[in-house]
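**Student:** If you want the building blocks of each chain, they are given just below.
Number of protein chains: 4
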Amino acid sequence: MAKPLNIGMIGYGFMGRAHSNAYRQVNQFFDLEYRPVLKACSARNPEKLKAFADNWGYESTETDWRKLIERKDIDLIDIGTPNNTHLEIVLAAAAAGKMVLCEKPLAMTVAEGEQMVAAVEKAKVPNMVWYNYRRVPAITLAKQLVDEGRIGRPFHYRATYLQDWTIGADVPQGGAALWRLDAAAAGSGVTGDLLAHSIDTAEWLNGPIKRVSAATETFVKERVHQETGKKQPVGIDDACMFLAMFANGSMGTFESTRYARGRKNYNTFELNGEAGSVFFDLEDPQYLQYFRYSDPGTGKKIESHLTGWQKVHVTNSEHPYMKQYWVPGCTIGYEHTFVNALADFLKGLETGQPAQPDFRSGLRTQKVCDAVLDSAKSGQWVEIG
Amino acid sequence: MAKPLNIGMIGYGFMGRAHSNAYRQVNQFFDLEYRPVLKACSARNPEKLKAFADNWGYESTETDWRKLIERKDIDLIDIGTPNNTHLEIVLAAAAAGKMVLCEKPLAMTVAEGEQMVAAVEKAKVPNMVWYNYRRVPAITLAKQLVDEGRIGRPFHYRATYLQDWTIGADVPQGGAALWRLDAAAAGSGVTGDLLAHSIDTAEWLNGPIKRVSAATETFVKERVHQETGKKQPVGIDDACMFLAMFANGSMGTFESTRYARGRKNYNTFELNGEAGSVFFDLEDPQYLQYFRYSDPGTGKKIESHLTGWQKVHVTNSEHPYMKQYWVPGCTIGYEHTFVNALADFLKGLETGQPAQPDFRSGLRTQKVCDAVLDSAKSGQWVEIG
Amino acid sequence: MAKPLNIGMIGYGFMGRAHSNAYRQVNQFFDLEYRPVLKACSARNPEKLKAFADNWGYESTETDWRKLIERKDIDLIDIGTPNNTHLEIVLAAAAAGKMVLCEKPLAMTVAEGEQMVAAVEKAKVPNMVWYNYRRVPAITLAKQLVDEGRIGRPFHYRATYLQDWTIGADVPQGGAALWRLDAAAAGSGVTGDLLAHSIDTAEWLNGPIKRVSAATETFVKERVHQETGKKQPVGIDDACMFLAMFANGSMGTFESTRYARGRKNYNTFELNGEAGSVFFDLEDPQYLQYFRYSDPGTGKKIESHLTGWQKVHVTNSEHPYMKQYWVPGCTIGYEHTFVNALADFLKGLETGQPAQPDFRSGLRTQKVCDAVLDSAKSGQWVEIG
Amino acid sequence: MAKPLNIGMIGYGFMGRAHSNAYRQVNQFFDLEYRPVLKACSARNPEKLKAFADNWGYESTETDWRKLIERKDIDLIDIGTPNNTHLEIVLAAAAAGKMVLCEKPLAMTVAEGEQMVAAVEKAKVPNMVWYNYRRVPAITLAKQLVDEGRIGRPFHYRATYLQDWTIGADVPQGGAALWRLDAAAAGSGVTGDLLAHSIDTAEWLNGPIKRVSAATETFVKERVHQETGKKQPVGIDDACMFLAMFANGSMGTFESTRYARGRKNYNTFELNGEAGSVFFDLEDPQYLQYFRYSDPGTGKKIESHLTGWQKVHVTNSEHPYMKQYWVPGCTIGYEHTFVNALADFLKGLETGQPAQPDFRSGLRTQKVCDAVLDSAKSGQWVEIG
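Residue numbers (our numbering), protein chains in the order written: chain A, 760 to 1144; chain B, 760 to 1144; chain C, 760 to 1144; chain D, 760 to 1144.
Treat the hints as calculated values from the structure; they're not laboratory data.
Don't take every hint at face value.
Put simply, identical chains are the same to the list, so a pair is met inside one copy or across any two.
Unchecked claim - The list that follows gives simulated cross-link-like pairs (lysine-lysine, PhoX-like), each with its CA atoms no further than 25 Å apart:
| no. | residue 1 | residue 2 |
| --- | --- | --- |
| 1 | K883 | K826 |
| 2 | K762 | K831 |
| 3 | K831 | K798 |
| 4 | K883 | K831 |
| 5 | K980 | K969 |
| 6 | K1060 | K980 |
| 7 | K762 | K798 |
| 8 | K1059 | K1023 |
| 9 | K1106 | K1082 |
| 10 | K1060 | K902 |
| 11 | K826 | K762 |
| 12 | K826 | K809 |
| 13 | K1106 | K902 |
| 14 | K902 | K883 |
| 15 | K798 | K1059 |
| 16 | K762 | K1023 |
| 17 | K969 | K1136 |
| 18 | K969 | K902 |
Chain A with its partners taken away, still in its complex shape (with noise of 0.2 Å):
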């Protein structure tokens, strides 16, 4: 009665192994016709890839990526490689008909995000960007928060994606593993990697950023290539800080960095509104911290002796996903949000209601990026379109 689903995966990184766990798993937990089958994966380095496809059970591999696109047997294409790669995997896949799952950010730019979007809606091929912090159940919930009208009118929203592993300036730049510290294969630095995911999940939740001011650094001027061993300039942005105004009205505040001592994937948000605030801690994802100060529809207000900040514990049977997996009380972990966007994509080649971000919508992120990236350049404020 499933429907098999073969997957060829490009990629055997960091988020070759989170795609593959989701595909591996993603039926145990959630009841769905599309049944994923590892059908191959695909590298340049022929050992790697075998290890990789034995450890995961990819049927084959193929270690020119064009030729896993050819294949009949494929039915999507899942990209997992460097943000320069992207365009030209993307724009193969989606001539051959293809889906397409591309790893975040879209692009390395507006212009190659534009080529895509328009690369899959010619070919009307099922598409979607892997922002999988929007599948953090507690993200879910906010989100469900906001569209129960318990914020209300939104005033203010902060973001922050802290990291520290990049402090130490012995840390090489490129290489496989670490190439998103090279601008050449990332694009831009805290930008597209973390920011990405902090604004993605902010227009979710508050809709869209009309203007920003920002500002970026490198701490550290050169490091050694990995490949090289040579001491080059370092030409990512090692930190990204911006002031944006949403189009609702409300301020918002985002700053990225790897070098916060002590903060490990500190990706927070909060949103206050007249009727309630949200707050987020990915390093506490168990946690949505909710101020109830009055209620949608009857507008009452909460008893002021009994209002304080709540940690709902996201792991209700009522939560977002949650059902799906143990008991309440029991939580998931990293991994998981990669599950839970796989459910919802092929959900939504079921129903026929697309899952979102699909590339469009990951292309709008695309363009708040790069409006970040030159205002910080240019020291003006900058319109998104």
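The hints should help you fit chains B, C and D onto chain A, whose structure is shown.
**Tutor:** Frame of chain A, contents of chains B, C and D only:
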């Protein structure tokens, strides 16, 4: 208009300071008929007494507390001396018709406590035991929530009072500063010092305890006496833990120690009921944590996706005592619990509704303490009459 | 190269799911000689069994577990059925020379447990009890800190395991899903279900408990039986609390309940020693809280102005198990405790160093549980041999 | 022996109370040569002034502050009136040779501030601005950690000061109690009121800010004036956010608002450096959070499995100011920040080392505030000279 109330303070140690500060501060923050006047203080060491009197603004001193009690110009005797002196002073003060405020625990034993209650009741003098923690606004709020029906049928009560300041085997016992480690002066160790607070709070919030099973331990068996310089056996309980059954059918666990590394003033309680729960920790005194499950009256349940422990920052104007101080969000400190207690006592003089806990109520706590120590000695459950 | 290990799973309930997931996932994350194969599963209801087998990828099914044990192609029997079935299955499996993994608690009573230990030791078959929480990385880290001498002389251990899912008097007892509320199937209530975990962890970290004083309570006296639809007396303990003295001279308090409103999976422990303390809470499983007072070896004290409870986010590569998963800052979930336990078991097969807790160790926990229930019944302190 | 210091207090609002309390309390807790005497207070409304004087124990009153300044028996003028009165009073007080303590912000503009600095420096009178939060013990401790080299090379500073008390459109503006909402009296909104605190703390801890990009917003455009009863445009900034570059090369984000639902006094900062990080939140003023990565001098790294954010309960005797109060574990409150500030000022009189921030330092904060408001108006980055 203000009626002066002449205070005679006995003892200039830590509690002498805390009480004196309360007398100086209460009228600036509370609107009261009575205005304490720091008339005289008493202690044996004349130099230290002089310094104490000067510091706090006492008008005069007495090195013999009996003289203080005899003075016509004293309305109220406040006892801040070691536990083994309470009985004698109370009896004399009551006989002289003075109001009496006594530092906790009221007595060394139930037998002593009964004499003290008899004395003040016979003399009909206003009296109170300084169980100041009832006046932490968050604890008073907990009592309010219980009274509002927000906890409902109670199932569990758990309390700890953990400190770590006597772990070092080189801490001496006895003397003016360390009489709490000397069984002769203190009667017991953590049971009278820390657990007495926990028990007073517990019975206030959850009603009488009817039976207990306890164990005590003395981890450091010998300590140098501060005055003699000689090693002596330690007579106090360093730690005490007990199980309790409350008259209302709920179960309790209690524990206190001065050997919990890292806990400085970790006086906590949690009460779990059918309709809700509360949690408090004296190291974070500005918070009451509240889990709201259903509301009194209607019994209406909070929507499951919105439930979570709420950190109520107990600094709103609607919170107990807080309107008297600053503005919402501004905390008060340890010393204000004494100011609040005193304000309640003075208000009780005005209204004729005596503030609690009076000596009779303090005797009740003594009964539980004695039962706990009896149980620890006998290894049996002990009923409390 | 990988050695297949053919699994025969008995039971398809909650634990059947959790264990099956572990078999499917362990080799993707751990480098191991053995590779579990989901050969067969067994349960009485053929339709549900079929659905379960399909979902998790079992190759075959048996509606009679005896047939499963007889099969030559099965290497390991895993028991996920109610407690009252463990004995018979273990005896049969051991007699058939199968490895045995048994869900906790091992047995209904010490007498049963002794038979089981005798059987597996006589048959010399590898065996383990699924006390999965030892493999929460933060708990394993606590054990590491103990072993490194960072706690020093222990004074106090306190554990709670609090839930709130049976407060409603309309929750039925018995049947496939709710056998834990049925004394005939479960043996005891929270004592075997929750306290057994607390005891296993406590003795692992702090050594044997030598005496206990306990009390239990059944708050809801009658419940409808899920299968018969009739009201029946409730035979289990709804809540249990006990005092403990450890062999090392430290004191312990333990409490568990399913009536602590707002606590969903609040499995906590705190260990206070002379050199440091640790605190853990299963609702925040990514953290171990650590108070560092002095360092082992040198005994050097941390400067007083720098001391404080540290929230260690147990997701560094240097933390137990975490290198196998994602990157620092990325959490794992409840299910991974089973994956980790299985990895340890399989590694034990490789190295010949059996993973713990084996049945003998599980029997030890059973002895404490029985002593606790005896004490609750007799009202006396009970020694543990 | 104690030298009396005759205080002339101008203003009886919230700050009048906070300062008066400090004068009454400082000598009971700090050992100081000078002893403030509450000589006189001044305000326009004679009845309210009388009540205020009675409450706090002022010996006399003046309804004209010029008379107060003229009095020979006044040594020190303390200014607790709205911002638009500071200039005139300071000039008069300095001309009269009085010491001057001024509530923050010092001035309406840099131009005003420069006149005030010139006046007190010409008159050589001791002076201080009441940036009381420097004297929260946890913030003073943060400064100590910076000075000890525990932060190392700084990368990031982020500060918020969030409140929620003006969200309601029915809150009036102006008048005695609400002059902070009236641009004519306050000069600015949250910038001068809240951000000024954040900036003072930031520059104290992390050195001068050299450029800023800011945005402000007024969410409620019209409010009824408290005195006239008429609706008037709102002239203040309800919220302000800005990006900052520090002279030391680190990046900063700042935000303040009175529209962050659920945040009552959420004055936070975080400083991330190569060697460590600190975080503070005024709603939890008893804590400084500290991430210790490596130690100064040796540069030795903490073992990776032991690292975590530490909640330092800043109540040890070794912590700033705390030895003067109670015992470890006992908190102090909001009001004590004024007591501590005053103690520092009085100690400065003794030692001849003036307490900070003096007017010159307060002018520096004014410059940043003005730059922030300029940037918000122009939409450009603004340099600070």
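**Student:** All hints, please: hold or fail.
**Tutor:** Here is how each hint holds up against the structure:
With identical chains, the CA atoms of K883 and K826 are at most 25 Å apart within one copy only, with a shortest distance of 22 Å there and 53 Å across copies. With identical chains, the CA atoms of K762 and K831 are at most 25 Å apart within one copy only, with a shortest distance of 16 Å there and 34 Å across copies. In this assembly of identical chains, K831 and K798 lie within 25 Å of each other by CA distance solely inside one copy; the values are 11 Å within and 33 Å between copies. Taking CA atoms no more than 25 Å apart as the test, K883 paired with K831 passes inside one copy only; the shortest distance there is 18 Å, against 53 Å between copies.
In the homo-oligomer, the alpha carbons of K980 and K969 lie at most 25 Å apart only across protomers (21 Å), although the nearest pairing inside one protomer, at 32 Å, exceeds that limit. Within a single copy, K1060 and K980 get their C-alpha atoms only as close as 53 Å, which misses the 25 Å cut-off; across copies the closest is 24 Å, which meets it. Taking the shortest alpha-carbon separations for K762 and K798, both the intra-copy value of 14 Å and the inter-copy value of 24 Å come in at or below 25 Å. In the homo-oligomer, the alpha carbons of K1059 and K1023 lie at most 25 Å apart only across protomers (20 Å), although the nearest pairing inside one protomer, at 40 Å, exceeds that limit.
Taking the shortest Cα distances, K1106 and K1082 sit within 25 Å of each other inside one copy (16 Å), while across copies they are farther apart (33 Å). For the identical chains of this complex, K1060 and K902 are neighbours both inside a copy (21 Å) and across copies (22 Å), given an alpha-carbon limit of 25 Å. Only within a single protomer do K826 and K762 lie at most 25 Å apart by alpha-carbon distance; the minimum there is 24 Å, versus 33 Å between protomers. Proximity of K826 and K809 under a CA criterion of 25 Å is satisfied intra-copy only: 16 Å inside one chain copy versus 39 Å between copies.
Taking identical chains as interchangeable, the C-alpha atoms of K1106 and K902 lie at most 25 Å apart only when both belong to the same chain, with a minimum of 19 Å there against 43 Å between chains. For the homomeric pair K902 and K883, neither the shortest alpha-carbon distance inside one copy (28 Å) nor that between copies (55 Å) is at most 25 Å. Neither within a single protomer nor between protomers do K798 and K1059 lie at most 25 Å apart by alpha-carbon distance, with minima of 55 Å and 49 Å respectively. In this homomeric assembly, K762 and K1023 never come within 25 Å of each other (Cα to Cα): the closest approach is 40 Å inside a single copy and 38 Å across copies.
Within a single copy, K969 and K1136 get their C-alpha atoms as close as 18 Å, and across copies as close as 18 Å, so both meet the 25 Å cut-off. When the C-alpha separation of K969 and K902 is checked against a cutoff of 25 Å, the pair qualifies only within one copy, where the shortest distance is 20 Å, while the shortest distance between copies is 39 Å.
Violation of the numbered hints given earlier is confined to hints 14, 15 and 16; the remaining hints are satisfied by the structure.
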